[in-house]
Amino acid sequence: MKTALSADAAAALIPDGSVCLIGGFMAVGSPHRLIDAMVRRGVKNLTIVANDTAMPGKGIGKLITCGAVRKVIASHIGLNPETQKKMISGELEVELVPQGTLVERIRAGGVGLGGVLTATGIGTLVEEGKQIVEVDGKPYLLEKPIKGDFALIGCKQADYYGNLEYSLTAHNFNPIMALAGKQVIAEPHHIVPVGVISPDDVKTPGVLVNHLIERAI
Amino acid sequence: MKTALSADAAAALIPDGSVCLIGGFMAVGSPHRLIDAMVRRGVKNLTIVANDTAMPGKGIGKLITCGAVRKVIASHIGLNPETQKKMISGELEVELVPQGTLVERIRAGGVGLGGVLTATGIGTLVEEGKQIVEVDGKPYLLEKPIKGDFALIGCKQADYYGNLEYSLTAHNFNPIMALAGKQVIAEPHHIVPVGVISPDDVKTPGVLVNHLIERAI
Amino acid sequence: MEDKDIIAQRVAQEIKPEMLVNLGIGLPSLVANFLPKDVHVFFQAENGVIGLGPRPPEGMEDEDLTDAGGGFVTAMPGAASIDSAMSFALIRGGHLDMTVLGGLQVDERGYLANWMVPGKMVPGMGGAMDLVAGAKEVIVAMVHTAKGAQKIVERCTLPLTAVRRVSLIVTEMAVIKPTERGLVLLERGPGVSLDAIVKATGAKLIIEGDVPEMRLN
Amino acid sequence: MEDKDIIAQRVAQEIKPEMLVNLGIGLPSLVANFLPKDVHVFFQAENGVIGLGPRPPEGMEDEDLTDAGGGFVTAMPGAASIDSAMSFALIRGGHLDMTVLGGLQVDERGYLANWMVPGKMVPGMGGAMDLVAGAKEVIVAMVHTAKGAQKIVERCTLPLTAVRRVSLIVTEMAVIKPTERGLVLLERGPGVSLDAIVKATGAKLIIEGDVPEMRLN
Numbered sequence: 001m002k003t004a005l006s007a008d009a010a011a012a013l014i015p016d017g018s019v020c021l022i023g024g025f026m027a028v029g030s031p032h033r034l035i036d037a038m039v040r041r042g043v044k045n046l047t048i049v050a051n052d053t054a055m056p057g058k059g060i061g062k063l064i065t066c067g068a069v070r071k072v073i074a075s076h077i078g079l080n081p082e083t084q085k086k087m088i089s090g091e092l093e094v095e096l097v098p099q100g101t102l103v104e105r106i107r108a109g110g111v112g113l114g115g116v117l118t119a120t121g122i123g124t125l126v127e128e129g130k131q132i133v134e135v136d137g138k139p140y141l142l143e144k145p146i147k148g149d150f151a152l153i154g155c156k157q158a159d160y161y162g163n164l165e166y167s168l169t170a171h172n173f174n175p176i177m178a179l180a181g182k183q184v185i186a187e188p189h190h191i192v193p194v195g196v197i198s199p200d201d202v203k204t205p206g207v208l209v210n211h212l213i214e215r216a217i
Numbered sequence: 001m002k003t004a005l006s007a008d009a010a011a012a013l014i015p016d017g018s019v020c021l022i023g024g025f026m027a028v029g030s031p032h033r034l035i036d037a038m039v040r041r042g043v044k045n046l047t048i049v050a051n052d053t054a055m056p057g058k059g060i061g062k063l064i065t066c067g068a069v070r071k072v073i074a075s076h077i078g079l080n081p082e083t084q085k086k087m088i089s090g091e092l093e094v095e096l097v098p099q100g101t102l103v104e105r106i107r108a109g110g111v112g113l114g115g116v117l118t119a120t121g122i123g124t125l126v127e128e129g130k131q132i133v134e135v136d137g138k139p140y141l142l143e144k145p146i147k148g149d150f151a152l153i154g155c156k157q158a159d160y161y162g163n164l165e166y167s168l169t170a171h172n173f174n175p176i177m178a179l180a181g182k183q184v185i186a187e188p189h190h191i192v193p194v195g196v197i198s199p200d201d202v203k204t205p206g207v208l209v210n211h212l213i214e215r216a217i
Numbered sequence: 001m002e003d004k005d006i007i008a009q010r011v012a013q014e015i016k017p018e019m020l021v022n023l024g025i026g027l028p029s030l031v032a033n034f035l036p037k038d039v040h041v042f043f044q045a046e047n048g049v050i051g052l053g054p055r056p057p058e059g060m061e062d063e064d065l066t067d068a069g070g071g072f073v074t075a076m077p078g079a080a081s082i083d084s085a086m087s088f089a090l091i092r093g094g095h096l097d098m099t100v101l102g103g104l105q106v107d108e109r110g111y112l113a114n115w116m117v118p119g120k121m122v123p124g125m126g127g128a129m130d131l132v133a134g135a136k137e138v139i140v141a142m143v144h145t146a147k148g149a150q151k152i153v154e155r156c157t158l159p160l161t162a163v164r165r166v167s168l169i170v171t172e173m174a175v176i177k178p179t180e181r182g183l184v185l186l187e188r189g190p191g192v193s194l195d196a197i198v199k200a201t202g203a204k205l206i207i208e209g210d211v212p213e214m215r216l217n
Numbered sequence: 001m002e003d004k005d006i007i008a009q010r011v012a013q014e015i016k017p018e019m020l021v022n023l024g025i026g027l028p029s030l031v032a033n034f035l036p037k038d039v040h041v042f043f044q045a046e047n048g049v050i051g052l053g054p055r056p057p058e059g060m061e062d063e064d065l066t067d068a069g070g071g072f073v074t075a076m077p078g079a080a081s082i083d084s085a086m087s088f089a090l091i092r093g094g095h096l097d098m099t100v101l102g103g104l105q106v107d108e109r110g111y112l113a114n115w116m117v118p119g120k121m122v123p124g125m126g127g128a129m130d131l132v133a134g135a136k137e138v139i140v141a142m143v144h145t146a147k148g149a150q151k152i153v154e155r156c157t158l159p160l161t162a163v164r165r166v167s168l169i170v171t172e173m174a175v176i177k178p179t180e181r182g183l184v185l186l187e188r189g190p191g192v193s194l195d196a197i198v199k200a201t202g203a204k205l206i207i208e209g210d211v212p213e214m215r216l217n
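Chains as they are written, first to last, in my numbering: chain C, 1 to 217; chain Y, 1 to 217; chain L, 1 to 217; chain G, 1 to 217.
Mixed in with the good hints there might be a few duds.
Simulated pairs of lysine-lysine, DSS-like, Cα-Cα distance not exceeding 27 Å [what the hints assert, rightly or not]:
hint, chain 1, residue 1, chain 2, residue 2
1, L, K120, Y, K2
2, Y, K85, L, K120
3, G, K120, Y, K71
4, Y, K138, C, K138
5, Y, K2, C, K138
6, L, K16, Y, K182
7, L, K37, C, K138
8, Y, K58, Y, K156
9, C, K85, C, K138
10, C, K130, Y, K130
11, G, K16, Y, K130
12, C, K182, Y, K138
13, C, K71, L, K120
14, Y, K2, L, K136
15, C, K144, Y, K138
16, C, K130, L, K4
17, C, K182, G, K136
18, Y, K138, G, K136
19, L, K136, Y, K147
20, Y, K71, C, K144
21, C, K138, Y, K156
22, G, K136, C, K147
23, C, K2, G, K199
24, Y, K144, C, K130
25, G, K136, C, K144
26, Y, K138, G, K16
27, L, K136, Y, K182
28, C, K147, Y, K182
29, C, K138, Y, K58
It is worth saying that the hints were derived from the structure and are not from the lab. For clarity, every value in this text was computed on a predicted model and none was experimentally measured.
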């Protein structure tokens, strides 16, 4: 069983300098209350792995604006001009990764694979500095696994074992990231007693989740 | 929309010599009515990719007994003495693959990866004849993707788009195999009208499914 | 008719019933407006949900149901929620029938550049590299020239999105099919002369026989 | 007490509350019977479902809910259905706290052989290679000798399951910890002399100070 923490108590668990995988796609499905608490606490020097940096004032965008982030690994930063500005000024390091490669690299980290062999990025700038492995005469990029000190997960519903359900387009990177954080913190809209969620509805088994944040309402 | 076929009509779609991925774990979750129809039709020379060959008289075991199979790629054949006997007599070729490697190889085939880099099998007989790829100084076996001409899927419920739900331990290899068949044939216990299954309950999107078999009852 | 509507309407003619189609943000997203009502298509957005529907009535938006640009959408009957891993499994595994993307440049080899302008605009590739590498058909939907500058060129000067030949280029002036032999001009835009097309194009066009005008409503 | 009950009871003492544990078929499956009632543990079987419970009352079996051996089980409150990909994501990704497996041989390096006897028995490795390569703790639960033949040996003569040092060997005669220095004898079975253990063991044992007897109920 897991006692649900306040967002502030959860944010206090995340040291400066941590590598955080953060779920969400343009802020949809991100752990919003936890992000707000991290901004309040003034966390610094984070490496953030996420699909995108949302936009200023929304989701991960708030962490960018307040200067909590040293490095971003993402597939898209185009809708957050502050990320681009900080990248150009050298304040922020940005590693751009094709979206499908990003999710597979995180999965590889979470499921214990040595890397990902993908055709995406072959013959492009993404290829630079990477090993190419031939399989049956076809070249594939070897993309390395990604793991986080923390995975910060937004979800629809949890039970007190940490079993998680997700909603519609708020799934996105969350279920995969929940495999790849040394510590997994989940922020559900609702929490229900153990036994209420049907086994077939669980998308992230509770054994992967270390901390639950209190329900929204 | 897909019209539901009889099991016999579906079995008629599968030519002799096909590579069939078949879901199920010790016959739990296999497409039983389709297997019976394949036995009736007398299909020959199949290559079967499955976790196991169940036991005589059950699930995939029936295909082994009736001589429909030329080659098996599986992780375990220990509970089917007929598989072992036919293997020893040379009637049946058997490739044994660690279970986790097997599911990742099928996934790699289904999601378009060049292969799987895994520590499983390193230093064992499984290593023989395979490429070893070093990633950050650690050795990994390169295991090749597996695809099927057909994926034969057992499931709990479907709608007429082919959206699929699975039940308890009858999930097993089914959701992954549904990604890796050129043609996917699903055998549901029930079929419901389109719109009845909540989007969040769908585990295999209907766009992956080519044919549905009539409901059981 | 506006240029972008010409393009969207012409692209819509390429879409066949029951296809799984990914429309990019911006111009490509207009294509949905020109599909005949009786043609059922599955729209997928990278961020999740197969079976996207139009924007809901005001007040009925769901913060967990958006397209890849973050705009509110609905789910059609038979929709399926998918996480990012499944989304790119479909895209990279050869399950996506068609992707429609914008373009900055396309060259005589049929190679597309659409994700960055060095020193000026580095939004990230998002899912573009995966889409171009993985979709069965890749359609580039773009205006023929950008403020007078040619976008169809001999060799892309901007960084490539993939080294794969795209299936079709649709502009307001022309429909062009990249082939092994080069760029074949298939159709002219409404009232556009061959001469105008050649002048607006920076690459050699193969012109065979009569080149018909697009058929638009 | 029977040998296998001694072994199972002693292994059960290694299990701490809230652990995720995989018990192999046969002897290891008995371990569950010796857990104190107040210790909550998550049992996982390779074939799916975290939170396996005991066999249901007669007439309440579900053909879709079995353990990896095909025996009927129940789902405890808070159980989660998982497919084979998630099952081995947990096993290979370092999320499984403990696996308890049977053994044919273990050697001085702590390497296990438990999946085949060449020319005699080739059941396949099932999930064993993944479990030994991936679980946080690997416990070998086996009788000390097989019909007089030593099973703890200098070097395995049977094909290895993995080249990873197992965490602990528990037999009815001894508890042995494989270390960098070799096999350290930790405990004696009930009423078993050091001499008897040394005689029944084909590998050098490191014996330091007094070796206490197992504490059993």
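Quick rundown of the hints versus the structure:
1. L:K120 - Y:K2: 49 Å, violated
2. Y:K85 - L:K120: Since the Cα atoms of Y:K85 and L:K120 sit roughly 68 Å apart, the hinted pair is violated (cutoff 27 Å).
3. G:K120 - Y:K71: Between G:K120 and Y:K71 the Cα gap is close to 20 Å, so the pair holds against 27 Å.
4. Y:K138 - C:K138: Satisfied, since the Cα-Cα distance of roughly 23 Å is no more than 27 Å.
5. Y:K2 - C:K138: 36 Å, violated
6. L:K16 - Y:K182: Between L:K16 and Y:K182 the Cα gap is close to 19 Å, so the pair holds against 27 Å.
7. L:K37 - C:K138: 42 Å, violated
8. Y:K58 - Y:K156: 19 Å, holds
9. C:K85 - C:K138: 39 Å, violated
10. C:K130 - Y:K130: 22 Å, holds
11. G:K16 - Y:K130: 39 Å, violated
12. C:K182 - Y:K138: This hinted pair holds, its Cα atoms lying about 20 Å apart.
13. C:K71 - L:K120: 20 Å, holds
14. Y:K2 - L:K136: 22 Å, holds
15. C:K144 - Y:K138: With a Cα-Cα distance of about 12 Å, the restraint between C:K144 and Y:K138 holds, given a limit of 27 Å.
16. C:K130 - L:K4: Given that 27 Å is the threshold and the Cα spacing comes to 39 Å, the pair is violated.
17. C:K182 - G:K136: With Cα atoms ~13 Å apart, C:K182 and G:K136 stay inside 27 Å; holds.
18. Y:K138 - G:K136: 18 Å, holds
19. L:K136 - Y:K147: 17 Å, holds
20. Y:K71 - C:K144: 34 Å, violated
21. C:K138 - Y:K156: Not OK: C:K138 and Y:K156 at ~38 Å, beyond 27 Å, violated.
22. G:K136 - C:K147: Distance of about 17 Å is within 27 Å: holds.
23. C:K2 - G:K199: Distance of about 48 Å is beyond 27 Å: violated.
24. Y:K144 - C:K130: 20 Å, holds
25. G:K136 - C:K144: 22 Å, holds
26. Y:K138 - G:K16: 31 Å, violated
27. L:K136 - Y:K182: 14 Å, holds
28. C:K147 - Y:K182: The given pair, whose Cα atoms are some 33 Å apart, is violated under the 27 Å limit.
29. C:K138 - Y:K58: 40 Å, violated
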